[in-house]
Amino acid sequence: MADIKYLAPRTLDEAIGAFAAAGSAARILAGGTDLLVQMRSGMVRPGVIVDIKKIAEMTAIEETADGGFRIGAAASGMALAEHPRFGKVWPGVLEAVNLIGSKQVQGRASAGGNLMNGSPAGDSVPAMIAAGAVVTVQGPNGRREMKVEEVPAGPGRTNLKPGEILISFQLPPRPPGSSDAYLRMIPRTEMDIAVVGLGVSLTIKDGVCTEARVGLGAVAPTALLVEGAATALIGSKLDDTAIEKAAEACRAACRPIDDKRGTIAYRIKTAGVLLKRTTAIAAKRATGK
Amino acid sequence: MAKIHVTTTINGEPMEYLCEPSDTMLDALRGSLGLTGSKEGCSSGDCGACSITVDDRLICSCLMLAAEAEGAEIRTIEGMAHGERLHPLQQKFLEHAALQCGICTSGMLVASDALLRKNPNPSEEEVRFWLAGNLCRCTGYDKIVRAVMETAAEMRDGIKEAAQ
Numbered sequence: 001m002a003d004i005k006y007l008a009p010r011t012l013d014e015a016i017g018a019f020a021a022a023g024s025a026a027r028i029l030a031g032g033t034d035l036l037v038q039m040r041s042g043m044v045r046p047g048v049i050v051d052i053k054k055i056a057e058m059t060a061i062e063e064t065a066d067g068g069f070r071i072g073a074a075a076s077g078m079a080l081a082e083h084p085r086f087g088k089v090w091p092g093v094l095e096a097v098n099l100i101g102s103k104q105v106q107g108r109a110s111a112g113g114n115l116m117n118g119s120p121a122g123d124s125v126p127a128m129i130a131a132g133a134v135v136t137v138q139g140p141n142g143r144r145e146m147k148v149e150e151v152p153a154g155p156g157r158t159n160l161k162p163g164e165i166l167i168s169f170q171l172p173p174r175p176p177g178s179s180d181a182y183l184r185m186i187p188r189t190e191m192d193i194a195v196v197g198l199g200v201s202l203t204i205k206d207g208v209c210t211e212a213r214v215g216l217g218a219v220a221p222t223a224l225l226v227e228g229a230a231t232a233l234i235g236s237k238l239d240d241t242a243i244e245k246a247a248e249a250c251r252a253a254c255r256p257i258d259d260k261r262g263t264i265a266y267r268i269k270t271a272g273v274l275l276k277r278t279t280a281i282a283a284k285r286a287t288g289k
Numbered sequence: 001m002a003k004i005h006v007t008t009t010i011n012g013e014p015m016e017y018l019c020e021p022s023d024t025m026l027d028a029l030r031g032s033l034g035l036t037g038s039k040e041g042c043s044s045g046d047c048g049a050c051s052i053t054v055d056d057r058l059i060c061s062c063l064m065l066a067a068e069a070e071g072a073e074i075r076t077i078e079g080m081a082h083g084e085r086l087h088p089l090q091q092k093f094l095e096h097a098a099l100q101c102g103i104c105t106s107g108m109l110v111a112s113d114a115l116l117r118k119n120p121n122p123s124e125e126e127v128r129f130w131l132a133g134n135l136c137r138c139t140g141y142d143k144i145v146r147a148v149m150e151t152a153a154e155m156r157d158g159i160k161e162a163a164q
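So the sequence lines, in the order shown, correspond to chains A and B. Position 109 of the first sequence, counting from 1, maps to 109 under the numbering used here, and the rest follow consecutively. Position 25 of the second sequence, counting from 1, maps to 25 under the numbering used here, and the rest follow consecutively.
Don't read these hints as lab results, they were simulated from the structure. Heads up, some of the hints might be wrong.
To be verified - The calculated SDA-like cross-link candidates involving lysine to any residue, where the alpha carbons are at most 25 Å apart (straight line), are:
no., chain 1, residue 1, chain 2, residue 2
1, B, K118, B, L86
2, B, K3, A, A25
3, B, K3, A, L7
4, B, K118, A, R85
5, A, K54, B, L18
6, A, K245, A, S178
7, A, K88, B, F129
8, A, K5, B, E20
9, B, K3, A, A8
10, A, K289, A, S178
11, A, K54, B, A2
12, A, K54, B, D27
13, A, K53, B, K118
14, A, K5, B, A2
15, A, K284, B, E125
16, A, K53, B, T7
17, B, K118, A, I61
18, A, K88, B, N121
19, A, K5, B, E16
20, A, K276, A, D258
21, A, K5, B, H5
22, A, K88, B, R57
23, B, K3, A, T11
24, B, K3, A, Q38
25, A, K53, B, G12
26, B, K3, A, A18
27, B, K3, A, G42
28, A, K54, B, M15
29, B, K3, A, V37
30, A, K269, A, D259
31, B, K3, A, A20
32, A, K53, B, G71
33, A, K5, B, G31
34, A, K54, B, T7
35, B, K3, A, G17
36, B, K118, A, T59
37, A, K53, B, D55
Build out the structure end to end from the sequences listed, making use of the hints.
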């Protein structure tokens, strides 16, 4: 592998220039917890590695003036956990990011890498979808924004154009009475890949759910926004009928595969169970009860 | 392709080395730097035997490129003891026989140290979750967890005594 070139540009323009110039031979290095494993196994043989961590915007975590958050694509899970405010406002996104691998992996792995790796089972993706995150991407033709659920195209593939780099996630400001949660089902207690992952974000006003978003992972070629589940929850008091309708919407959205971690039937059933459990946690956090 | 020249700090000492672009930090540590305390287990970030800290964050050195260490502060198992004086975690691992073959031990110690620096009073559950990325096939983990819990308690007592 002596023909690899390692670059650590200090500016975004340099990074985009180098990445676009190298074409399909280039790989972006954020935490490297997927890339280095893929290189080691021979799955990818990059000609150029562009390390984006020397660019301040890529690792920054900022609370914006309107109360939203901007998270650099290469900010590690541990950096998010160490942020004094982020986990208070977005506990579900934080718990999802910090289910990725071990503490060692969380010291390097980023939500940006988790999204761009394109795994249908990436833990942070359903939580980011539930949060209503918007990503900024930039390429030789400039910057644009995409909803996070529009990024994955299928296992290992994204809808970014050639030469485009993921820059950051923007999470919206939270009205009072809002919170989120993420749960995943795995056969072990730690260090495993989701059989089903589900994120819920809620706003509750006077006992009534006024806003809801549900993200569902590991049950289709990409993580999904389940609009039917949100529709069932919004306007309800999160009573059993509304929750069962939302669970049914999650089960109906599943297009899973059978594999060693779970059968199709098991994944579909679990999606409904996780909707109920995750909604209960998010509601408890949102109402402080 | 020319080798990459890296200037970094390892266990408080300024260090320089040359590496290939595809070399991992573990390759550099065990190779040109001669710091063989960090072990190569899986090379895929699953076993934790190569654990080090970079800018105070616990990581697997097999999942970091050697070239990325430019300007970083790295700590390895070799920086844990002060000369002949063992770190309290090392001493407690010996007392509890919290090791057998030893391959996981340096990673266990580095990871446990990172935990106690962050959280001097962890619950047993917190210790077990924190060490979930460090695999041991000899001890069954109980002795390791007990050694970490007891070290934490003694270090807290030590701080209290020093304050009195």
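Going down the list of hints, with the structure as the test:
1. A hinted pair counts as satisfied when its Cα atoms are at most 25 Å apart, and K118 (chain B) with L86 (chain B) qualifies at roughly 20 Å.
2. For a cut-off of 25 Å, the pair hint linking K3 (chain B) to A25 (chain A) stands: about 20 Å separates their Cα positions.
3. Among the hinted pairs, K3 (chain B) with L7 (chain A) is consistent with the structure: their alpha-carbon atoms are about 13 Å apart, no more than 25 Å.
4. Restraint check for K118 (chain B) and R85 (chain A): the C-alpha separation of about 18 Å stays at or below 25 Å, so the hint holds.
5. Restraint check: the Cα-Cα separation between K54 (chain A) and L18 (chain B) comes to about 20 Å, which is no more than 25 Å; the hinted pair holds.
6. Distance hint between K245 (chain A) and S178 (chain A) is fulfilled; the C-alpha atoms sit about 21 Å from each other, no more than 25 Å.
7. About 21 Å separates the Cα atoms of K88 (chain A) and F129 (chain B), which keeps this hinted pair within 25 Å; it holds.
8. Restraint check for K5 (chain A) and E20 (chain B): the C-alpha separation of about 9 Å stays at or below 25 Å, so the hint holds.
9. For the suggested pair K3 (chain B) and A8 (chain A), the alpha carbons sit about 15 Å apart, so the restraint of at most 25 Å is met.
10. With a C-alpha separation of about 13 Å, the suggested pair K289 (chain A) and S178 (chain A) falls inside the 25 Å cut-off, and the hint holds.
11. Straight-line distance between C-alpha atoms of K54 (chain A) and A2 (chain B) comes to about 21 Å, which keeps the hinted pair within the 25 Å bound.
12. The hinted pair formed by K54 (chain A) and D27 (chain B) meets the criterion: a straight-line CA distance of about 22 Å does not exceed 25 Å.
13. Of the supplied pair hints, the one linking K53 (chain A) and K118 (chain B) holds, its CA atoms being roughly 24 Å apart against a limit of 25 Å.
14. Using a Cα cut-off of 25 Å, the hinted pair K5 (chain A) and A2 (chain B) holds, with the two alpha carbons roughly 9 Å apart.
15. Restraint check for K284 (chain A) and E125 (chain B): the C-alpha separation of about 23 Å stays at or below 25 Å, so the hint holds.
16. For the proposed pair K53 (chain A) and T7 (chain B), the alpha carbon gap of about 17 Å is at most 25 Å, so the pair holds.
17. Proposed proximity of K118 (chain B) and I61 (chain A) is supported: the alpha carbons are some 20 Å apart, at most 25 Å.
18. In summary, the hint linking K88 (chain A) to N121 (chain B) is supported, as the alpha carbons are separated by about 22 Å, within the 25 Å threshold.
19. Simply put, K5 (chain A) and E16 (chain B) have alpha-carbon atoms about 20 Å apart, close enough for the 25 Å limit, and the pair holds.
20. Straight-line distance between C-alpha atoms of K276 (chain A) and D258 (chain A) comes to about 23 Å, which keeps the hinted pair within the 25 Å bound.
21. For a cut-off of 25 Å, the pair hint linking K5 (chain A) to H5 (chain B) stands: about 13 Å separates their Cα positions.
22. Pair hint K88 (chain A) plus R57 (chain B) holds up; C-alpha atoms about 22 Å apart against a cutoff of 25 Å.
23. Proposed proximity of K3 (chain B) and T11 (chain A) is supported: the alpha carbons are some 23 Å apart, at most 25 Å.
24. Taken as a hint, the K3 (chain B) and Q38 (chain A) pair is honoured in the structure, with Cα atoms around 22 Å apart against an allowance of 25 Å.
25. The straight-line distance between the Cα atoms of K53 (chain A) and G12 (chain B) is roughly 23 Å, inside the 25 Å bound, and the hint therefore holds.
26. Our distance criterion of 25 Å between C-alpha atoms is met by K3 (chain B) and A18 (chain A), whose separation comes to about 19 Å.
27. Restraint check for K3 (chain B) and G42 (chain A): satisfied, since their Cα atoms lie roughly 22 Å apart, inside the 25 Å limit.
28. Using a Cα cut-off of 25 Å, the hinted pair K54 (chain A) and M15 (chain B) holds, with the two alpha carbons roughly 20 Å apart.
29. Annotation: proposed proximity of K3 (chain B) to V37 (chain A) holds, straight-line Cα distance about 22 Å (limit 25 Å).
30. Using a Cα cut-off of 25 Å, the hinted pair K269 (chain A) and D259 (chain A) holds, with the two alpha carbons roughly 15 Å apart.
31. Proposed proximity of K3 (chain B) and A20 (chain A) is supported: the alpha carbons are some 24 Å apart, at most 25 Å.
32. Between K53 (chain A) and G71 (chain B), the direct Cα distance comes to roughly 12 Å. Compliance with the 25 Å bound is thereby established for this hinted pair.
33. Distance restraint check for K5 (chain A) and G31 (chain B): the Cα-Cα separation of roughly 21 Å lies within the 25 Å cut-off, and the hinted pair is therefore satisfied.
34. Taking the CA atoms of K54 (chain A) and T7 (chain B), the gap is about 15 Å. The hint holds against a cut of 25 Å.
35. Between K3 (chain B) and G17 (chain A), the direct Cα distance comes to roughly 23 Å. Compliance with the 25 Å bound is thereby established for this hinted pair.
36. Using a Cα cut-off of 25 Å, the hinted pair K118 (chain B) and T59 (chain A) holds, with the two alpha carbons roughly 21 Å apart.
37. Among the hinted pairs, K53 (chain A) with D55 (chain B) is consistent with the structure: their alpha-carbon atoms are about 13 Å apart, no more than 25 Å.
When each numbered hint is compared with the structure, no violation occurs for any of them.
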